[in-house]
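> Sequence:
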Amino acid sequence: QLLWSLIGACLVVAVIGYKPVVIVHGLFDSSWEFGELLRFINESHPGTNVSVIDLFDRSASLMPLWKQVEGFKEAIYPIMQNAADGVHFICYSQGGLICRGILSTLPDHNVHSFISLSSPQAGQYGDTDYLKYIFPEFMKSNLFHFCYTAVGQRISICNYWKDPHHTDMYINGSDYLALLNSERQNPNSTVWKKNFLRIKKLVLIGGPDDGVITPWQSSQFGFYDKNETVVEMKEQDLYLRDLFGLKTLDARGDMFLCSVAGVEHVKWHSNDTVFNSCIVKWLV
53 QLLWSLIGAC
63 LVVAVIGYKP
73 VVIVHGLFDS
83 SWEFGELLRF
93 INESHPGTNV
103 SVIDLFDRSA
113 SLMPLWKQVE
123 GFKEAIYPIM
133 QNAADGVHFI
143 CYSQGGLICR
153 GILSTLPDHN
163 VHSFISLSSP
173 QAGQYGDTDY
183 LKYIFPEFMK
193 SNLFHFCYTA
203 VGQRISICNY
213 WKDPHHTDMY
223 INGSDYLALL
233 NSERQNPNST
243 VWKKNFLRIK
253 KLVLIGGPDD
263 GVITPWQSSQ
273 FGFYDKNETV
283 VEMKEQDLYL
293 RDLFGLKTLD
303 ARGDMFLCSV
313 AGVEHVKWHS
323 NDTVFNSCIV
333 KWLV
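To convert a position in the sequence shown, counted from 1, into the working numbering, add 52.
Among the hints, a few may not be true.
Stated by the list, open to error - The list that follows gives simulated cross-link-like pairs (lysine-lysine, DSS-like), each with its CA atoms no further than 30 Å apart:
1. K252 - K192
2. K252 - K299
3. K192 - K119
4. K246 - K192
5. K253 - K119
6. K245 - K184
7. K299 - K246
8. K299 - K125
9. K333 - K245
10. K245 - K278
11. K119 - K319
12. K184 - K333
13. K253 - K333
14. K286 - K299
15. K253 - K286
16. K119 - K184
17. K246 - K333
18. K192 - K278
19. K184 - K253
20. K319 - K333
21. K278 - K125
22. K252 - K286
23. K184 - K278
24. K252 - K278
Because the hints were derived from the structure by calculation, they are not lab data.
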């Protein structure tokens with residue numbers, strides 16, 4: 053009887069042993085903003101090991117993204133090595149692009165679900181409060197003059213600034229997003245695609261009332277054409293040509309879009325509706 057009880061207890065532990073969760077913050081954030089998300093995870097999946105990576109906080113989040121990728125990678129790699137069954141990524145806003153950099157350049161990562169939480173995955177092009185704060189003298193229409201220079205590329209937002217009216221300058225001048233998307237010739241593109249496709253699930257969360265990610269569909273790989281009309285992901289060149297694996301993930305049945313209306317950009321990680329409808333089921 054005791055033996056069966058012990059076996060039963062062991063089985064329960066084995067069944068509910070949740071994978072560790074790694075959270076990467078966005079522009080001007082720090083780890084302490086994620087208290088609500090931590091609470092949601094602890095209440096739904098007790099005992100989950102959650103790491104909110106405390107790096108490149110506040111103004112340091114303006115550092116070039118490749119530098120941030122290296123720093124976050126160094127912090128996250130030991131967590132991966134200690135997780136035999138893999139880990140989950142929840143990557144918010146700019147953090148979603150940092151996570152893509154990690155997933156693309158780390159050949160032995162073991163990320164199970166990559167949850168991209170309102171992140172400008174296809175780029176950013178909008179006159180938002182953030183833009184006015186960082187570049188008070190620029191409008192979206194003339195920021196390309198600065199962003200697609202060597203000096204501009206030292207500021208994180210310029211690494212994913214995508215001006216649909218100056219596509220050639222973006223492709224030649226963006227040292228981060230154009231390379232990650234393989235929109236620019238990249239000798240590593242085959243290897244990066246293979247690394248990225250090690251993920252088991254891609255979850256793309258966004259919504260029409262975000263107010264920062266512009267267009268909001270960028271959170272699900274949609275973006276503007278040269279007339280500033282939004283072209284959805286499945287009609288984008290990077291999907292159609294499967295430049296870094298989106299079409300493959302979709303064909304595998306491992307890509308999920310979750311759109312929620314009424315959520316402002318800074319509220320995504322503290323909104324229980326978002327957590328319950330878009331996140332919780334992937335954290336097993």
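> So which of the earlier hints does this model not fit?
The structure breaks hints 1, 4, 6, 12, 19, 21, 24; every other hint is satisfied.
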